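Trainee: For reference, the chains in residue letters:
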Amino acid sequence: MSITPVHYIAVPLAAAFLIPILSKFHKETARIIPGLVFSYFLVISFVLMRQVSNTGIISETIAGWRAPWGINLVFGYFSGFFATLMSVIGFLTWLYSYRFKLVDSKPAMSYYILLMMLVTGSIGIVITGDIFNMFVFLEIVAISAFSLTSFYPGRDGAEAAFKYLLIASFSSFLILLAVLLLYTQTGTLNIAELSTKVHLIPQSLKLTILVMFVVGLGIESELFPLNGWAPDAYSQAPAPVGAVFAGVVVKGGIYATMRVMFTMFDINEMGQILLILGLITTIIAEVAAIKQTQVKRMLAYSSIGQMGVVMMAIGIGTEDAVFAALFMMFNHAIIKGLLFFSTGFLLHNSLTKTIAEMKGVAKKFPVLSFMFALGSFAIVGLPPFSGFWSKLYFLMAAADAKLFSMIALVLAVSIVEIVYYFRVVGVMYYHQPDESLPTKQPGLNAYFVMGFLAALIIGVGVYPDLITNFLHAAAYELTHKTEYVQTVLTQFVR
Amino acid sequence: MCSFDYQTIMSISIYGSSVVLMLLGLYAVLVKKNLIKIVIGLSIVDSGLHLLFVAVGYLHNGTAPIFSPEAVDKVNQMVDPVPQALVLTAIVIGFATTAVALSLVIRLYKHHKTARIDQIKSLKW
Amino acid sequence: MNTLALILLILFSGAIVAFLSEKVSKFLPSLIAFISITAAGILFYTSPADVFNFKLSMAGLNFTLKIDEFSRLFVHMIIGLSWLASMYAVGYMQNKERQGTFFFNMLLSIGGMLGIVAARDLVSFFVFWEIMTWSSFLIVVWTGADFRRTGIWYMVFSAMGAYAMLMAIMMIYSDIHTFNIDEIIAAIAEQRLPHLVEASVLLLFGFSVKAALMPLHVWAPNAYTQAPAAYTAIFSGVLSKMGIFGMALVLLSMLKFANPADFSLVYINGFIGQILAWLGAITAAIATLYALIQTDAKKLLAYSSVAQLGYITIGIAIGTPLSVMASLFLAVLHALFKGTLFLAMGAVERQAGTTDMTKISGLIRRMPWTFFVTLVSIISLAGVPPLAGFVGKWMLYEALITNGNVFMVVVVFFSSTAAFLYSYRILFGIFLGQEEDDTAHVKEAPLSMILPMVVMALLLIALGTYPGLLFDPIAQGMTVLGFENVTWQMTVLSNVWGNTVNLMYISTTIGVAFVAALLFLTLKGRKGSRNVGTKDISTSGEIPLEHENLTYQLDFFKPFERAASPLYRRKMTKIYDDLSNGLDALFDFTRKIYTGNGQTYALYVVIFLVALLIYVQNTL
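Protein chains in written order, with this note's numbering: chain A, 1 to 494; chain B, 1 to 125; chain C, 1 to 620.
These are calculated hints, taken from the structure and not from any lab test.
Keep in mind the model is a prediction, meaning the values are calculated, not measured.
Please note that the accuracy of each hint is not assured.
Stated by the list, open to error - Once the Cα atoms are required to be at most 30 Å apart in a straight line, the calculated BS3-like pairs of lysine-lysine come out as:
| # | chain 1 | residue 1 | chain 2 | residue 2 |
| --- | --- | --- | --- | --- |
| 1 | C | K592 | B | K124 |
| 2 | C | K592 | B | K110 |
| 3 | C | K592 | B | K33 |
| 4 | C | K26 | A | K364 |
Between the sequences and the hints, there should be enough to build the whole structure, so can you do that?
Mentor: This is the structure:
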């Protein structure tokens, strides 16, 4: 049996059904099976990426209905980049939280199943070639995300989850409405076929559909007036889930935005608006982040800010800008992952997770604190860490588009970013510890995960060519959509 | 003066009621303070959307989209099956969302001893 | 393997090894740092000049590193001072905690500086610049005494400077799509750079931060004071010179080859250069005033460094051959004497526990070698013959006068004179005066700390007699900048009005006089005089009590301070404090957008949707 993209979805769904049954016989299966699934994701990603580099974009039909009629899955460099990134982050999160809730298996089981569904749904968004199918996967992600946000009953998780649900419902309404309007106008739901037919839609209706997509997907990708849920959700979810939110869930939203804006429509129609929205998002988020007293909330605002910059790069819309956006997303996934993972243990037993509680933790947890500091240095874009390169490429793309005032604002906001990250590092290293809570030392698995991410940050920082070729291919594929469209539409014609 | 035939009136009323439903639901979501009412509002918006889906695929005097030997010549009268397939999926998703929302409301009520959304603001700024 | 890359690799990998080796032994990091710098130095001085050339293509960018004659001057400074400071640091850091972090960052910043002076494209310049910045930041906060004020301010100002540079780099990139400095120079010559003025101003802004020029200097005194002395020598001695190097790169290297008819060039060289020079002069004057009222020797030296960097900036900004020469000469000298002084103060701090001049005094007998090197470098700092500081000032005055900047001469002369006051204070406050009981236990620093200071002091004496030793490499470096045929002589200074000063005679005379006086006093002392302690002053009529402190470090310049008090009233730091408080309030106000009410967020979504729909339908 050869590996095809559908394994990304079929295997975890089957596993999700099996886990409750099997865990009746053996408790450990609830933890082990998701791990096997995530490992299998890595295998699929690796094999498919090899295949893509040999033969080009892979298009797979489901249930024998060929492409524009049936649902198809498309796996090229662009989708592959996201799918691989999500698989890696998913696997690392599983490994990191392997000892999570060891004592009683009931919550652990739901945690692992939901985590698996979260990653599966996000990968589904990325590899599907059908716009309605994308909506379904967005909803799978959303529902798993609500449940994970409210995972801890003792905290304000339910409040955060409810806000998330309320806002995400608007997202789903708008996307559904947009899909419906698209269908009435073009009679198809296939993204590739849509991209050949959108010019038939009357201009004002097309703009309405676009606005619905911008707002609907903007909620998922945390654009400014639509992101009220994000800081709450990040801060209330368990720390490893925060890493998944930053590394997987948001990426799904951004992917959908890019797919819709670049492949289905033309980016120039909405580019300016995305650019300005991204800028406002960045400014407001970074400004709010500096006043936070909770670490995870601060990280959440920082995530929003980073996504704003990514959105600006998407709004610029050139191939270089897309490359910069992808690079930034890669960096954001690994660096925020590292930050959330290290915070998870640094504030393990604290309920409030305030910055003040991190006083002097460096004495007790030198390695964890080092990881956090490394992440801070990387995320504010200091060389020789990977964050620097993506920032540089973004600025180059913006300079090409002559957006100097935007560059100036983004750089000014970066100073704010430096202040709040370094303040936390200062608290960790240069304050005397009070009588602190009994905290938990991370296990070998967590150290491995953080060590891997740190090595990746430094490795890419010193030698960015580790991934740039790959990202260039992905950016090329997205900005030149003919190959995508032809592969999908002609696969059965010959 | 123009006169409406049955079909036009029908479609106007269906489309109109779906829009009315959506606006009603939106009103509930944006104005009502009770969490349960907000969840109900979300469901109403959902229903309006589903109705719109069905209305799009609707064809007056249409037949089921099944290619049986008897129906081969009625291809033009077949209703569009895709919106119906979509609406089924959407209903399931809406159901799941509502279920999660209600369970969250129960949790919130237990935790905060209130179901008013403007009093549940422990996470802010 | 390429030699230049190898040098950088030695330093950077040495940094990592030093960091990790702390686990093995506390002593090891300092040793590894010393060995790496020694190895880098040996490699540099044993290789022929033409091998320092390194090209790398990575990530779609071309990185070019090359050491030319001009950068070579700075490399001498960096390697020389770092080598001596790292030798010193072995003893200085003994028994301290977290040495691994210290030496890691020290090696990293040295590598960063070498990278900066070698960079021939703006991206690698920026990369090394940032590495240098954050590693020096980590050393500034290393003691952890005042993270918020000192550390964050240093990082914020550095980031402002760095991002101004980045902005300028991006402007240049958008015009000509290259980062290579040689190509940029070519583009300037062909007037293909519409953003030249903006980019130059932004670059100069960025470099002014590192050079601690006036409105941007507020980070410097604290940062210099907080960093451990072994590093402050490097920090003030060469790291701040990177700002000067950058200014030279922009004002002299990039713009000198350009078409003189281009209006923007005239503008930059004339108007902006003049402003920069004035800023330098004002910095020199005001920082000198602040240096006067410090009671902590390290902080005094920190302000003095800011002032000295002001002079150096003037020379670069004026841009005549003589002024550039004066400025580079002063830069090297400043690295030497300020390096020595900070090391000496580090020795005092290590041996006596503090550098507060009101608490210690009379250390001359306890720490004679430290006194000797301080004396030499103070004389050099004050610009008194026979030491080399005099030569530098002489050239600077002459350059300013011939250039027509007479008012600037007045300002510079004022601050140079005031420098006497604080140099005297540091010498007197710590080493002379009455010996107190609580400093009686103080011993001289170990040899490994004395040796580097003495080497630098001897260098200062040698340069005072033979300034030509330094003129040679400077003149060679200046040919790279386009100043051909700068003449110099080994021991004779001459000016445009035909006056000459032979430094050989001066130093010989002073040397002979010194020896004669020494002999006279020693011989005279043989007969009938007795040794008295510093407290044995009863012969002057009134007998002071034992506990009475008669040293005049207390209220040393009280009358002067009273006279100059209006000048001290306005503080730049207050403006920045107000600014940051205002921003803080604004930020606090802004984040209230996130009210915490889910319904409000939903309302935002709806309003935003409607607004966007209306906007889109009406405009697109």
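Trainee: Decide, hint by hint, whether the structure agrees.
Mentor: Consistency of the hints with the structure:
no.: 1; hint: K592/C <-> K124/B; verdict: holds (8 Å)
no.: 2; hint: K592/C <-> K110/B; verdict: holds (27 Å)
no.: 3; hint: K592/C <-> K33/B; verdict: holds (21 Å)
no.: 4; hint: K26/C <-> K364/A; verdict: holds (19 Å)
Every hint, counting from the list given before, is met by this structure.
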